Amino acid sequence: MLSGYTAVYNATVVDRLLAEGAIIIGRQNCDEFAMGSSNEHSAYGPVLNDADNTRVPGGSSGGSAVAVQAGLCMVSLGSDTGGSVRQPADFCGVVGLKPSYGRISRYGLIAYASTFDQIGIFSINIPDAALILEVIAGADDMDSTVSQEPVVAYSSLLSEERNAGKKYKLAYFRQALEHPSLDPEIKSAITGLIDRLTAAGHSVTAIDFELLDYVVPTYYVLTTAEASTNLSRYDGVKFGHQTAEKTEDLTAFYKKNRSEGFGREVKKRIMLGTFVLSAFYFDAYFAKAQQIRRLLSQKSQEIFNNYDALISPNAPCVAFKLGEKQGDATEMYLADIYTVFANLVGIPGISLPLFRTNDGIPFGIQVMSDQLKELSLLALSDQLMQSEGKH
Amino acid sequence: MATIYQGKYEAVIGLEIHVQLDTASKLFCADSTKFGAEPNTHISPITLALPGTLPKINKKAIEYAVRLGLACQCEIMPYNFFARKNYFYPDLPKGWQTTQHTHPICMGGLVPIKTQTGIRQVQMHHIHLEEDAGKSIHDIYEGESCVDLNRAGTALVEIVSEPDMFSADEAWNYVQELRRLVRWIGVSDANMEEGSLRCDANISIRPAGDTRLGTRVEVKNLNSTRNIKKAIDFEIDRMIRLVEAGGMVQQQTRSFDAATGTTFAIRDKEQANDYRYFPEPDLPPIQLSQSFIEQIRASMPALPQQLAHKYQTSFGLSPYDAEQLVSDKDIAVYFEAATQKTNQYKAVANWINGPIRSIINEEHLSIDQVGITPETLADIIQLVDTGKLNFSVASTRLLPALRTPGADQKGQSALDIATRLNLIQTDNEDLLETWINEALESMPDKVQAYQKGKKGLIGLFVGEVKKRSKGKADPGRVMDLIKEKLG
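Respectively, the protein sequence lines represent chains A and B. For the first sequence, the residue numbers in the UniProt record's numbering are 1 to 391. For the second sequence, the residue numbers in the UniProt record's numbering are 1 to 487.
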């Protein structure tokens, strides 16, 4: 759709990085319009996982994850609407931070779902992620939804926080670890970690989360609704793909441009979103999903009133083979079960590369904290990385 | 109250009026809103909806919408938000219009209009904020359309009335009143020719006396005040003919063709778009504090109806004079300034509504461009009131002289100039005596007739003296002297 399109302005994050002397060496491949969990939906073809070239890197920001994994760059940016930073970080064995909704300006980020999208950071360690976050976060005149909260000096305060040796109150969703879709190898790795954390003096509590099976449907109803209109601007009139064929009228012109220009996955989501927003189905889908989202936010508040952080898998499985899950869209969507919660309620989440399978495929855990508590999240993450010998 | 058509139908009309707010920049970005620029020159990445761009609300537009809401006695909603109205059109860059749907900024409201039976308050439904689309132009190149996005994203308010008008005249008066109001409070120039005020009408008919609403037709494109009346009258007539012929009115959207004075269907109910409204996710809800609203309320000027009332009760003016003075805010301001200098309120009103309005109309000026300050006008009135000048000389001779560029800069007062032009009425009784004798001697037969009882001839004598004195004789005094002389 955007083949040959060159942006005429810089995203706020790019300007802020350049202002601090960052050297930007390239653009990354990703799933088209950030829609996908395997990076197999790209106009440029799939990205390969550097740990095993027959496997996917995860998605949608798979290129960004592999660039750091393969040592092509120190840090890279991606976007995370439902796990698109944390899941590829998990599949590629790097750190992937999705900050709170509104922590980083979205100006210049191609919108997928406006109330979910957040720019995220890939790095090999926590201090690098903290430094980048400090540079790119904060209020921006060009984004009305960005938080006005002052930016904490994440980078300099990080070691102080970590060295305090704080004992954390952690929680995990019982239903998440017991979910039938979860790979036993991942489950046992996390159970082992919980034991070590408890032994180290932290408290780890299992809490109930009855709404777990609703998070993916809620997420797909709301994000596709937003996406279906966010992508309306790609109509071939002002920029983007324009059909070479002669069309008889305006409607045919639009249909051709968009049918030719968009890939399958994007078209599927536009149609789904158009459906759930249509007058006849709005109440049954969009309005209901909004109600569930409010319930989830309440749940999140309750949790963080009592706990410092929530730990969880990033994905039910490790990086799978290219093409392996192409046939089953529902299974692919359901694989987002652990990551979409953070986007639905706007909290920060980070993927920490703590483990490998017996076959040497990397995976990790996800840690989430309350809104705008990135410093505490990064400090806890740094402590975990150290105690698990990943520094 | 309602006009009865053909003895058995009444029409019900609701209006949707779009008014372009007079903000320097657009509703969601910093692009200029200046009218008449080269096509596609006020188009930032945000207006063009380039990937990654986001909206940012223009606070002035919120303030203006609140001003209008207060002027129309609306309830100002402290919590309101935008929605996306989704549809595809080349002059709509994002593929949706950002508008307010379920939670507009102002609810309810009343607009006073003139009707045959006096002033009536038309009930409003709400006022909401939205962005304008660009312009599609189809008649420059054969077979091709051009799009100018300069206007895209300009701030509009849509003012939606209840179906609470019952004739084309009432609808026209409503538009006139709203146009005066938005200009009065300074939120728009409401210029229909430049499209800064646009009007759609919802029209239905029903048997007279019925309280249910008939099937409505929306007529778009009523883009001049003349067209509003013509289109509504045409549409009412069309519906009545249709029903009389045994047909049924279809719910439709129709467009007015100014060239033929007729309306034609552009969309049936079945073809209505599903706009898939949902809350605009890129803009947080607007939260208005009570102090913000009160601040705006405190800065509101007195409104035309309030002033008209004051002019009648405090200044003793007739309803007509009062209404004339508030037809335009500049005129009301001028009037008030003049009344600071003289308490001859009626005379000020007469001068403004008479000679000064003639100049305004003939020369297409605003009152401030006429060249007579309120102070000068008060001086002229003083001269007339004290008998130094008569009204007709003052308006035909002194007023033009005072308007001569630089007249007031020479430090000359109205009295100085009247004296220089030899316009001051004389109080020299000998001189009056001479003019009167000359006048009467010139028409001995009329004098005789007067003395025989044709007392009406006195006016002729006074007129003759006026002529001979070149306006310097005080007509009242002259009349007294003539009466004395002729018995």
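If you're looking for bench data, these hints aren't it; they were derived computationally from the structure. Predicted, not measured: the structure shown is a model, and the values here were computed from it. The beta carbon of each residue, even a glycine, is placed where N, CA and C say it ideally should be. Wrong hints could be hidden among the right ones.
Unchecked claim - Below, a list of computed lysine-lysine pairs in the DSS-like style, where the Cα atoms sit at most 25 Å apart:
id, chain 1, residue 1, chain 2, residue 2
1, A, K255, B, K135
2, A, K255, B, K85
3, A, K256, A, K267
4, A, K288, B, K85
5, B, K135, A, K246
6, B, K8, B, K34
7, B, K85, A, K268
8, B, K56, A, K238
9, B, K485, B, K452
10, A, K256, B, K135
11, A, K255, B, K269
12, A, K238, B, K114
13, A, K256, B, K85
14, B, K310, B, K114
15, A, K238, B, K485
To be verified - Computed far set for chain A versus chain B, every beta-carbon distance over 10 Å:
id, residue
16, D141
17, D143
18, E149
19, S181
20, T274
21, I361
Structure-based check of each hint:
1. A:K255 with B:K135: Distance of about 22 Å is within 25 Å: holds.
2. A:K255 with B:K85: 19 Å, holds
3. A:K256 with A:K267: 13 Å, holds
4. A:K288 with B:K85: 20 Å, holds
5. B:K135 with A:K246: OK: K135 of chain B and K246 of chain A at ~24 Å, within 25 Å.
6. B:K8 with B:K34: Given that 25 Å is the threshold and the Cα spacing comes to 49 Å, the pair is violated.
7. B:K85 with A:K268: 21 Å, holds
8. B:K56 with A:K238: Since the Cα atoms of K56 of chain B and K238 of chain A sit roughly 22 Å apart, the hinted pair holds (cutoff 25 Å).
9. B:K485 with B:K452: The hint holds at about 14 Å.
10. A:K256 with B:K135: 24 Å, holds
11. A:K255 with B:K269: 24 Å, holds
12. A:K238 with B:K114: 48 Å, violated
13. A:K256 with B:K85: Holds, at about 23 Å.
14. B:K310 with B:K114: 18 Å, holds
15. A:K238 with B:K485: This hinted pair is violated, its Cα atoms lying about 91 Å apart.
16. D141: Not fine: 7 Å to the nearest Cβ puts D141 of chain A too close to chain B.
17. D143: 5 Å, violated
18. E149: 14 Å, holds
19. S181: Holds, because the least Cβ-Cβ distance between S181 of chain A and chain B comes to about 30 Å, which exceeds 10 Å.
20. T274: The claim breaks: T274 of chain A does not keep its Cβ more than 10 Å from every Cβ of chain B (closest is about 7 Å).
21. I361: 34 Å, holds
Taken one by one, the earlier hints fail for this structure at numbers 6, 12, 15, 16, 17, 20, listed in ascending order.
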